[in-house]
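Student: Chains as they are written, first to last, in this note's numbering: chain A, 1 to 316; chain B, 317 to 774.
For the record, the hints were derived by calculation from the structure and aren't laboratory data. Source: prediction; values computed, not measured. Any given hint could turn out to be false.
Once the Cα atoms are required to be at most 30 Å apart in a straight line, the calculated DSBU-like pairs of lysine-lysine come out as [to be verified]: (1) Lys598(B) / Lys456(B); (2) Lys748(B) / Lys162(A); (3) Lys456(B) / Lys652(B); (4) Lys652(B) / Lys396(B); (5) Lys162(A) / Lys598(B); (6) Lys577(B) / Lys162(A).
Have a look at the derived ranges for each label pair, beta carbon to beta carbon [what the hints assert, rightly or not]: (7) Gly67(A) / Lys392(B): 21 to 29 Å; (8) Lys392(B) / Gly294(A): 50 to 58 Å; (9) Asp152(A) / Ser420(B): 38 to 46 Å.
Even for Gly, the Cβ is constructed at its ideal location relative to N, Cα and C.
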Amino acid sequence: MTTADVRLPEKPSPAPSLRRGPSRLRRRENTAAWVLIAPFVLVFLLFLVVPIVYSGYLSLFREQLVGGNTFVGLENYTRALTDPSFLSGVARMAVFLVIQVPVMLGLSLVFALLLDAGVLYLQRFIRLGIFIPYAVPSVIAALMWGYLYGGDFGPFAQLAEKLGAPAPQFLSADWMLFSLMNIVSWEFIGYNMIILYAALRSVPRELFDAAAVDGAGTVRTAWSIKIPAIRPAILLTVIFSVIGSFQLFNEPSILRNIAPNVIGVDYTPNLYAYNLAFINRDSNYAAAIAFILGIVIMIVSYTVQLSAQRKERAAR
Amino acid sequence: MSRTTTTWRRKATGLTAGIAVAALALTACSSGGGGGEATTAAVSQADIDKAMQTPTTLTFWTWVPDIQKEVDLFEKAYPKIKVEVVNVGQGADHYKKMRSALQSGKGAPDVTQIEFQHVQSFALGDNLLDLTPYIPADTKDDYVPWVWQQVLSTDGSKIWSIPQDSGPMGILYRDDMFKAAGVEVPTTWDDFATAAETIHAANPSTYITNMPGNDMGQFTGMMWQIGARPFGWDGDKTVTIDVNSDKAQQLAQYWQDLIQKDLVSTDPDFTDTWYQGLANGKYASWSPAAAWGPVFLQGTAESTSGLWRAAQVPQWESGGDPVSANWGGSSDAVLKSTKNPIAAAQFALWLNHDPSSTLMMANEQFLFPTTNDTLENPEFADQKSEFYGGQEVNKLFAEISTTVPEDFGWLPFMDYAYSAGQETVGKAIADKGDVVGALKAWQDDLVSYAKQQGFTVK
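Based on the provided sequences and hints, a complete structural model is requested.
Tutor: Structure, rendered in structure tokens:
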């Protein structure tokens, strides 16, 4: 408790202490802090900062199969901004974002509120049941859904056949994006629900009692007290989802095996960057694509955050 | 084992004779000052013997299942050499890992499997060891000529790898379904189109075959057969791209007609849907299939055993000598970065040349042979297959193998060429659209890629 003693000086004497610099104790604390965060900083530099800087460096070059490596400045970036493959991928993910994220988070919020209100039977079981898909690796999830979607032998197709209806073409060009939305929602509803539910649990209970005294019902309490109270948590899930949408890779990459002509090499920007690097052997351009994608994600996330803050200010 | 040693001796004598010639050639060369090219003098038998007696560990990347069995045979013949077999993934995954290892300059194997169409793309980065000095000069006489062509450098002066397996094309069909529809086995593609109509009319839920939109290997094989020569490379900076030739258009038109008349299905191949289609009689044939197909099908459509037959691939012109083509097939190459070139080269050769090993590959892993010796070996050729109603399928495909034209070349970037083909031609097939028009898109795509990569396009 020495720290407490030090921080309790009744007579403030800032001038001399400034002149003397930080006390020995303070210095020792700083050293300890640096030692403690060193492992993190090291890993952060090694596995995040260095690769980012390196790929930024790579993106300024063009290495040809014949002809060697040349510095091309921002040429890869200008190429990307006029590349229909990249732009259509980004546009597709924007559609994905606008439809899938609200649906998924809406459902997460509803489930979280229902659980918090305690109106469900078998609370724990349901909570676990909704969360479990998140524990399934996305590769396995995509494989499983790929089977469920199967046009000849999947359960939906068999059910349709029993009913005498044509089999739903989940893997056709028209349906594919929605089929993917469904998979991603299935995976992440539970995850987002847990975040929101945890936030709800930390809302002071007195507020609910006060609301009840004022005559608010369950729905009214949820709408006017609970949702505003967990706004930061909702914003968090929105931003996570925005980032996740633009980075969509595993699910389309797996479904590509069963629908190779529907999901092309450029279906999502990430898939495109991957194929550029490994099929086209153009890692420089792939690095530029990855950078631009990162910037797009930052812009969209920031816009979301900004508009949410503005709304909050307006509400006050 | 005795056979093994005799062959080796035969080769060894051939080799010493070769050394004398090569040595002369080398002296002639060296007086000229040399242009910094690596020496191509044959390695002496003494050096080979020494290398094979020195304890060495080789790493071998391959995705052939159970190849450890053949490797065991090798290790028995050369107890000092240990071979570590590593499976880093099949096809595309394998090449990705190869490229990463080569680029980083670390972790690359000594010997690696490479499919025929990708040999040149690894030759491009100067990654492969020219095997010419390491193997007997007459080795090529032991292989099917068109197969040997596939492992040479584009000017024919270097040997990049040793052929392991091949895939001459034929067709596999359901005898019962053909008979039920009253259809003879088509010998020309015209007959095939007529038969397609009859079979679909007899039962609207069946198709004579399936034309996948995701298999550019098969499509390229068909271009090979019809006489299109879409790809070429001069070994340096010039590539030939001609996927939109008249022959290629004829091929595309043919399948486009069948597809648009709903006479063939367009399911992607090697997917569950396709396996089901083969097993449940949705497809009355697999046309064209390759020589590795018969055994593959046996595992996929077990319940239809005895109902299948194999036949020559239909011809574009009736009357002439039959022409087939190749789909698939691979080889084993030695990487330039190896520290043990002699042992690695001897291993690649032995594995794919010694009769005990090649016969085992043919009969146990069902890799379609590339050596004349194994193709003619009664233990392989005379096998009667129950699945094919007692037909001697191996013998048939061995005959077909002699009808594959030799002059088919590749681009040094076939992974991109296939990927772009699938995005254009493949998509048109799957969408039942304009396959002929898609050839032009493929052509344009390849030309612009080649230019971007610094090639001159002829």
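Student: Check the structure against each numbered hint from earlier and tell me which ones fail, lowest number first.
Tutor: 1 and 7
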